[in-house]
Amino acid sequence: MHPAQRRQQRLATLNELLLPLLRGARRYYAAWRIVNPLLAGVTRLDQTRDYTITILTLQLPASNPLVVALYTSTQESRPVSPSQLLRRIRRLRSHVARLRGRVFNSADIMYILYAPKGYTTGSKRLARREAVNLAVKVKDALKTLARYIGKRLSRLAQKLRGKKVWGELPLLLYALQELASSLGTSLHLISREHAIRLAEQGGKL
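The working numbering applies: residue 1435 is where the sequence shown begins, and numbers increase by one.
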């Protein structure tokens, strides 16, 4: 495959992966901006020119940013070996490290490495040790993201249920809900209007 074709293929894959997250971010940003009119934006995208590495930083209310670090491969010949995977993990982490202190100080980081030809058994073991996520299909990556955000949402909802909340905390619940919804996890816990009202006036969930 020609390099330009590989670049276009990576871009198409990234669009499938990122557009749902960006849609969810757009929805919670609109609510957050009502409470904080000085808020300039909640998303930042850093990419290599060939789209191999993409780092999406999502600012969240009352929380560390969520950083989604993606390595997108178009390797067609064989599954990714452990040595190849280790190089990719190191490269991905190096790019994330460059943003630390400049884009964020601390963050919740999800590493996802996508390769359509899959991974060897040794690579899968290495991924578990290195605490990174592997994906062979776009839907695998979306499921991984949905599972992570859905768990955060459920834990936060249980923690806040029946308690008085105010400030940006109800907006965090709304933000996680909208991100989860954009990824196909339907959990309606709080409306936009309710989140804004609680943020401004306080009250029980």
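FYI, nobody ran anything at the bench for these hints, they're computed from the structure.
A couple of the hints might just be wrong.
No more than 25 Å apart at the CA atoms, straight line, and that leaves these computed lysine-lysine pairs for BS3-like [stated by the list, open to error]:
| id | residue 1 | residue 2 |
| --- | --- | --- |
| 1 | Lys1551 | Lys1571 |
| 2 | Lys1551 | Lys1577 |
| 3 | Lys1551 | Lys1573 |
| 4 | Lys1585 | Lys1597 |
| 5 | Lys1598 | Lys1585 |
| 6 | Lys1573 | Lys1597 |
| 7 | Lys1571 | Lys1585 |
| 8 | Lys1558 | Lys1598 |
| 9 | Lys1597 | Lys1577 |
| 10 | Lys1593 | Lys1638 |
| 11 | Lys1571 | Lys1593 |
| 12 | Lys1597 | Lys1558 |
| 13 | Lys1573 | Lys1585 |
| 14 | Lys1551 | Lys1585 |
| 15 | Lys1598 | Lys1638 |
Ranges of calculated distance between the beta carbons of each label pair, as one might list FRET restraints [what the hints assert, rightly or not]:
| id | residue 1 | residue 2 | range |
| --- | --- | --- | --- |
| 16 | Pro1516 | Ala1464 | 30 to 40 Å |
| 17 | Ser1515 | Leu1472 | 12 to 22 Å |
| 18 | Ala1496 | Lys1577 | 23 to 33 Å |
| 19 | Leu1472 | Gly1552 | 38 to 48 Å |
Source: prediction; values computed, not measured.
Backbone N, C-alpha and C define an ideal beta-carbon position, used for all residues, glycine too.
Here is how each hint holds up against the structure:
1. Lys1551 - Lys1571: 9 Å, holds
2. Lys1551 - Lys1577: Cα-Cα ~18 Å, so holds.
3. Lys1551 - Lys1573: 15 Å, holds
4. Lys1585 - Lys1597: 20 Å, holds
5. Lys1598 - Lys1585: 22 Å, holds
6. Lys1573 - Lys1597: 36 Å, violated
7. Lys1571 - Lys1585: 22 Å, holds
8. Lys1558 - Lys1598: Not satisfied, since the Cα-Cα distance of roughly 44 Å exceeds 25 Å.
9. Lys1597 - Lys1577: 31 Å, violated
10. Lys1593 - Lys1638: Holds: Lys1593 and Lys1638 sit about 12 Å apart, inside 25 Å.
11. Lys1571 - Lys1593: This hinted pair is violated, its Cα atoms lying about 34 Å apart.
12. Lys1597 - Lys1558: Measuring from Cα to Cα gives roughly 42 Å; hence the hint is violated.
13. Lys1573 - Lys1585: 18 Å, holds
14. Lys1551 - Lys1585: Given pair Lys1551, Lys1585 is violated - Cα atoms ~29 Å apart, limit 25 Å.
15. Lys1598 - Lys1638: 4 Å, holds
16. Pro1516 - Ala1464: 30 to 40 Å: The hinted range 30 to 40 Å is violated for Pro1516 and Ala1464, with Cβ atoms some 44 Å apart.
17. Ser1515 - Leu1472: 12 to 22 Å: Check failed, 49 Å falls outside 12 to 22 Å.
18. Ala1496 - Lys1577: 23 to 33 Å: 27 Å, holds
19. Leu1472 - Gly1552: 38 to 48 Å: Between Leu1472 and Gly1552, where Cβ atoms are some 46 Å apart, the hint holds.
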